[in-house]
Amino acid sequence: MTRAGQGHSKALKIAGAAIAAGSLMLVTGCSGGSSDGATGDAGGDVTIEFAQWWEPELPDGEFRALIDKFEAENPGITVELVSGPYASTKEQLFAGAASGTMPDVVGLDGAWVNDFASQGVIANLTDLMADAGYDDSQLASQIQVDGGTYMIPVVNFVYPMFTNDDLLAEAGVTTPPTNRTEFADAAQKVTALGGDVSGWVLPLSLEAPNGVQNDVMSWVWASGGSMLNDGQPDLTNADVTSAVDYIQGLWDDGVIAAGSFTMKEQDKVEEFTNGRVGMMIDSLAHINLIRETNPDLNFSISAIPAEDGYDGERGIPYASWGIGVAENSEHKDAAFKLVSFLMSEDVNSELSTMANAFPGNTQSVPDFVNDDELFKTAFDIYQASYPANEFTGLPVAEELMRLFGEQLQAALDGQQSVDEALQKAQDAWVAEF
Amino acid sequence: MSLKTPVLDTEVIVTGVPQSKRRRQLRRTAESYAFLSPTMILLFVLMIIPIVMVIGYSLQDGAIIGKDHEFVGLDNYMAVLTNPSFWNATSNTVIFTVTSVVAHLIIGLGFAMMLNSTLIGAVPRAIFRGLYVLPWLFTVAVIAVLWRMLLAPNGVINFLLNTNIEWLASPQLALGTVTFINIWAGYPFFMVSLLAGLQGIPSDLYEAASIDGAGPVQRFWNVTVPQLRPIIVSLVLLDLIWTSQQFALIWMTTGGGPINVTEVLSTFTYKLAFAKYDFSQAATSAVLVLLMSMVLAVFYVRHQKARD
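In order, the protein sequence lines correspond to chains L and V. Heads up: the first sequence runs through residues 1 to 433, numbered per this note's numbering. Heads up: the second sequence runs through residues 1001 to 1308, numbered per this note's numbering.
Bound conformation, chain L alone (with noise of 0.2 Å):
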């Protein structure tokens, strides 16, 4: 073999072995990585990560203006925003918990409080405001596991209900129903105006079962009832029996839109909004979406209707923006000064007023109370009501959801009673707590 072979030769076997170096490289770059969210540099400056799905569901830049101003505030802190859609954050906190890499400050629902601190990925809040001297007395609310909070809400979206106003008066009715008889009444006088028009709409899907949560149990709710007894699943008290025979005597007079069993939140609202169901219970965050859809269409919001000769406080479901700190942060001082600033008076309400929603902050006013009627009359129920979301802090809420709507399907689509799927949902929860 010549010179010139024998050096092609060799380039040959460096090349190989420098794929089978680089290889290694990429593997171990793809599985490896700081274990740590948060870095600190020379001079002594930490960077902390907050994920959440917050920035992506507000306007373009304003959240972060509203955290630039936070790393102003706090020269040496830097935020680095890891945002993106609700369930891709979802996946990617739950990830971080089983590998101990969650980001320093994590946006939490209150479904995963519970199963987060009982795997110690999160930290004990109460602790936390200990440390820092923090003054939780202007705390709307806190979610609290076994005695320690673990969550605090941001801002709250509560969950009134919404009356198509042109279609109650063509069928003739005048004012929204305030209790389940008048309700019962509505939907059937809007059913029967016919077409593709229905009275009520129902989301349960399994695949995102809140309509059980929101739709369903928020009926027990405005009645102040219950769906536990001290802590513990009670879904065959008298409070959530009357609620679900409610609403399969509505089932069976036909006024549900059709659909309901694989319906989720979206479909809900595009039904509302495209003016094919009279009435729905839906998140305040949804009505400048249904303005910008449909800005003919004429709707107003109230509670929702309680049980007949019912007179006392309601409780209205909401969902919040929860924020907690990762265990496994090393600058978890950093991360309650975050903590902090976004649940301070002034700071809440901008954040609330971006949102459309209501503050964690009691102190807080968000400005759209003042400025717009639909959300002032919200504001006003909100404050004649008690927030009510038994879900919030229970074990693998999501599954109790939709161990509740297997059952609820099966009774509604006639294979057992009401009773009968109570007691099966209840045993099925009870297993789960």
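No lab work stands behind these hints: they were computed from the structure. Where is the CB? At the ideal position from N, CA and C, for every residue including glycine. Some hints here could point you the wrong way.
[To be verified] For each label pair, taking beta carbons as the anchor points, the in silico distance ranges come out as: (1) N1088/V x Y86/L: 24 to 32 Å; (2) D253/L x V1098/V: 34 to 42 Å; (3) E91/L x W1221/V: 49 to 57 Å; (4) V1098/V x S88/L: 28 to 36 Å; (5) D413/L x W1087/V: 20 to 28 Å; (6) I1055/V x F433/L: 23 to 31 Å; (7) G1121/V x E292/L: 47 to 55 Å; (8) G1110/V x D253/L: 44 to 52 Å; (9) L1131/V x Q383/L: 57 to 65 Å; (10) A1079/V x D419/L: 23 to 31 Å; (11) A65/L x M1053/V: 42 to 50 Å.
Given chain L, put chain V in place with the hints provided.
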């Protein structure tokens, strides 16, 4: 007197140093493995390690999220195998998969034969080819959203049929409906592959069969089918594996509901992992699915070897 020159082998000429046979063999083997190493490392890290880890999780209690992992032997397997939901999901998976694959084959073969026919001109053939392959171009998410809208109680299908059927929300119809959507989404793969196979069948065989008096049906069964058999077997086995693992389409159309009528093994496993956070049982279910898929994979590999 003659001068004798020693005879050198090629290795000596290349390296300039004579080497023992054993050393040469060792070096050659090492070189081979060095070149194979990138693939082997990737396979090891991306396939073997995850599979072994999942099998390990299936033998533990509180895998991944539990603070204390405990070896529980086959307890998780007993729990999953005695869970009626698992068998319901298995049954639905079998119905969904077998129906889909049979329909894929029949529709794919029918369309491929039509496109291969000389009875239609070049332009209509190109148009049909484009139309028929269309479902294959959509991602699963688009297919799910598209059919959810089409099949909604107020959707186009009900409008055209002048009905108000809850195609996806009815416990009686949902499994059939998602199977139909999967058939629609998957037949082009069969069509394209079988069309390539049909185009490779020599026309002499058909001419000889015609001379022997074979009609169209006899030519189909005695020429077309035997010639396509290797492709058909490969396609069917691959489709059985793929369809039995279909997740996104079912999750995005029905979420395994109504009640549990469209629950398949993939959605059952997903719910165990990401709704109940029971990663031990989810790993167990995944291992059982892996074992079922491996049976099909073994058939596929044996078939491929037999072809070679």
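Here's how the hints hold up against the structure:
no.	hint	verdict
1	N1088/V x Y86/L: 24 to 32 Å	29 Å, holds
2	D253/L x V1098/V: 34 to 42 Å	40 Å, holds
3	E91/L x W1221/V: 49 to 57 Å	51 Å, holds
4	V1098/V x S88/L: 28 to 36 Å	34 Å, holds
5	D413/L x W1087/V: 20 to 28 Å	21 Å, holds
6	I1055/V x F433/L: 23 to 31 Å	30 Å, holds
7	G1121/V x E292/L: 47 to 55 Å	49 Å, holds
8	G1110/V x D253/L: 44 to 52 Å	47 Å, holds
9	L1131/V x Q383/L: 57 to 65 Å	59 Å, holds
10	A1079/V x D419/L: 23 to 31 Å	29 Å, holds
11	A65/L x M1053/V: 42 to 50 Å	43 Å, holds
Consistency note: the structure conflicts with none of the earlier hints.
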